[in-house]
Amino acid sequence: MKLILSSLVNGCRHGKLIEVGRKRSKSLDIPGCLLYTRTGTAPHLTHDTLNLIEGVPEPVHLTLSTLAEHQEVLEEYKEGIGKFIGMPDSLIYCSQNDPASPCPSGYNTNKTVSVWGGGGRIELTLSKFMAIQQAFKPDWYHCMADGEPLPPGSSRKRINKSVDRTLGFLDECLKVHQNSEVLKDAEIIGVIEGGDILEERLRSARETMKRPVGGFLLDGLQGENMTDDLKLDLISSVTGELPVDKPRLIHGIGKPDEVLECVSRGVDLFEGFFPYQVTEQGKALSFNFKYKVDPEAEEEKSLAVPLHQIQGQQLSSTCTSVTHEQCEKNNIFTMLHRNGSGDNDISSKTSDCDGKMKAFSIDLKNEQFRDDFSPLVEGCPCYCCKNHTRAYLYHLLLTNELLAGVLLMIHNLHHYFAFFQSIRDALKDGRLKDLKELIAKQKV
Amino acid sequence: PPPPPPRCLRLSMAAPLSLRIGAECPVTRARLCRLRLPHQALHTPVFMPVGTQGTLKGIAVPQLEALGCHICLGNTYHLGMRPGPDLIAKANGLHGFMNWKRALLTDSGGFQMVSLVELAEVTEEGVRFSSPYDGEEILLSPEKSIEIQNALGSDIMMQLDDVVSSTVTGPRVEEAMYRSIRWLDRCIAANKNPEKQNLFAIIQGGLDAELRKKCLKEMIKRDIPGFAIGGLSGGEEKDHFWRMVLLSTEYLPREKPRYLMGVGYATDLVVCVALGCDMFDCVFPTRTARFGSALVPWGSLQLKHRQYAKDFKPIDEECTCPTCKRYTRAYLHALFKSDTAALHHITIHNIAYQLNLMSSIRESIQQRRFPEFIQQFMKRMYGSADKYPRWAVDALSAVNVKLE
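Quick note, the sequences are listed as chains A and B, same order. Using the working numbering, the letters of the first sequence correspond one by one to residues 18 to 461. Using the working numbering, the letters of the second sequence correspond one by one to residues 1275 to 1678.
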């Protein structure tokens, strides 16, 4: 594949990957995210419900955590993982660990790594790892890697080992890859390890660059094992070393503010698991990424709730003595967020109004939404927001109905993909700073 | 013979229900009809999937529409508890709340109370029970049930009946039958929306032919747009079951729809169409899907079982549903323990199976070959005549179909 940069400003890259995939027929925009799957499915979604979402990105992200246990099945199937999961025409990227599941550490060895699937731990030797890749036939996969999260203050020796092992695994993977008829059109992604030690990170980057890899994965940054500042510095330093003309992936980064920090530091592709995590909590992504509009005006417009929707008799009877304008100005939404009903005293709340900004998502299990017939996010063009209401989602969550997961996933994926589009737009317009400020304001 | 039912003249616009008989099987009692309801016109015989709590278990509206579903069910008991009729009324009825534009049928809540609630007490007033959610004492009377169903705004509402398990015998059955008639009259009186919502009666009487006949004769006198045959989908012997169905369709007026409640196994559908029923509902196909069971013309596949791990065929090679077009049994097996999408795939297939079955039935009635259809269906399902269930053989024989 080829990478075409349309702009490179202060380390922020904006462009396109072309001639991607085993057939060299696909292209994708960067920065971008991947379509997160579990056992080859976007969680809760069938082909038809996935197709209700606009802007679904390539590639599809599969993990060995959720699929390695089916190696024998795929070997007998012979037609590749894409067709098996019902996505025969998609670009497939295969990684090792599932970002949304725990990955206990302490099991990797000099010759093996472990992944954690539905049936427990699966130990992978190099030959098993490559056998799986040959049965799966992905378009991209990253080489076997010792990237298990290391506790803070891990010994230099252990970190050094993770770099050495991973380089060793890379070389062995390449050997098999280059001799494999089935994999010859696929790309191997090199994996950069190094824990929290800058020197090791740089060593890993420089060595990996020497090999014929299609791109680079910044690994081992998923955990809580280092400060944000250190993490971001390491990312900057690593991407600073890497060649400009190959894509940089990162695992474990999903929150909007973190994504933007990484984009500013030369990262191109992100995993798409964050919307799934939000869905599983019964929440809908609601953060504003429209940097082109005056954010304060947008905020008031989308949050002011018409009086008749305010829950609770006491509240609405108090409100009738206050004008609609007064309510909007005093950001009456703050009261609703605080305690859905029963608080009569508006005036005491007015001073709080500039305190809390909304978080990245709204919790639809909150009783305030019980009779809120507005869409999840006002103005959102997704299938869920065009056809269903907060009240309906509240009901589905309360009654434990399966449709809740389906609808939330549709909205959350749509919202997240649209966010990435806004990143690309902001880069094109030279306004990444505005987008960053807008997002930072909404972090709680 | 009973006196003809009083006719109510409708002077102005169309009644909220009309039934036009398109074809009648010359051998059995099956008929192909066009049923026009306020939100949707559809053809019968029809199978209605059950969307208990205002949702069809993980299936989005466009998926359901694409499968050709024109009518589905909501449950008054569940929806009456959560979110409650006031909220649904605010949402423009159940149609507005779940954003379903086609037809809806709601049951009265009676069956759930008997099947789900441990200490329900039935009096002439109604059914008294404690809410499973907050322990509050609730009385579900005919008036209350209709009030909730009026708020739900369904195309078809069911009367509140005094439901008694089909395995019960003795004076309780007779008491329930007469009470159901009285409750029917109270439901008719309580209906605030007769121009837009159709109230169906439910014939009771257990497995006692005389009680059933009494109930039929009385209920038919009321001016209502349709009739359901109730009290027959419990654990009763199939041998008694079909005789009561046959008796009912003998007495029920030809020009009104007959709804057999709680029936949904494929064989039961085919036989009861032959016995003269038009509408059916059952949780079975959607519920069994969530246990990994896929319905096929020769039975069912338990996709959780290891034998499917490397089975690369679709559920049914002849099925054209979205699941069978794209996914193998092996993939569904692999996905089942991992993600809810597996349940959705199988649910979609099972609904498609049921709706396609009904479509084939309708087509064969239209083409005057329903008896041949029955033969083929039974052969495919059971393999050989010695495996045919006895009750089905007898029932079909009663409507002039001799299984070969």
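Incorrect hints may have been included.
[Stated by the list, open to error] Reference listing, derived: stretches of chain A covered by chain B, where coverage requires no fewer than 3 residues with Cβ under 8 Å from a Cβ of chain B:
#1 92-104
#2 114-122
#3 250-262
[Unchecked claim] Okay, derived cross-link-like pairs now, EDC-like style, lysine to aspartate or glutamate, Cα gap no bigger than 16 Å in a straight line:
#4 Lys263/A with Glu96/A
#5 Lys1584/B with Glu96/A
#6 Lys1584/B with Glu36/A
#7 Lys1587/B with Glu96/A
It is worth saying that the hints were derived from the structure and are not from the lab. Model, not experiment: these values are computed from the prediction. By construction, the Cβ of each residue, glycine as well, lies at the ideal position given by its N, Cα and C atoms.
Results for each hint:
1. 92-104: Held - the stretch 92-104 of chain A has 5 residues with a Cβ nearer than 8 Å to chain B, which meets the minimum of three.
2. 114-122: With 0 residues in contact (Cβ-Cβ under 8 Å with chain B), the coverage given for the stretch 114-122 of chain A is violated.
3. 250-262: violated (count 0)
4. Lys263/A with Glu96/A: Judged against 16 Å, a Cα distance of about 29 Å means the pair is violated.
5. Lys1584/B with Glu96/A: The hint holds at about 13 Å.
6. Lys1584/B with Glu36/A: Violated, at roughly 34 Å.
7. Lys1587/B with Glu96/A: Answer holds: Lys1587/B to Glu96/A is near 13 Å, not above 16 Å.
Hint violations for this structure: numbers 2, 3, 4 and 6, all remaining hints satisfied.
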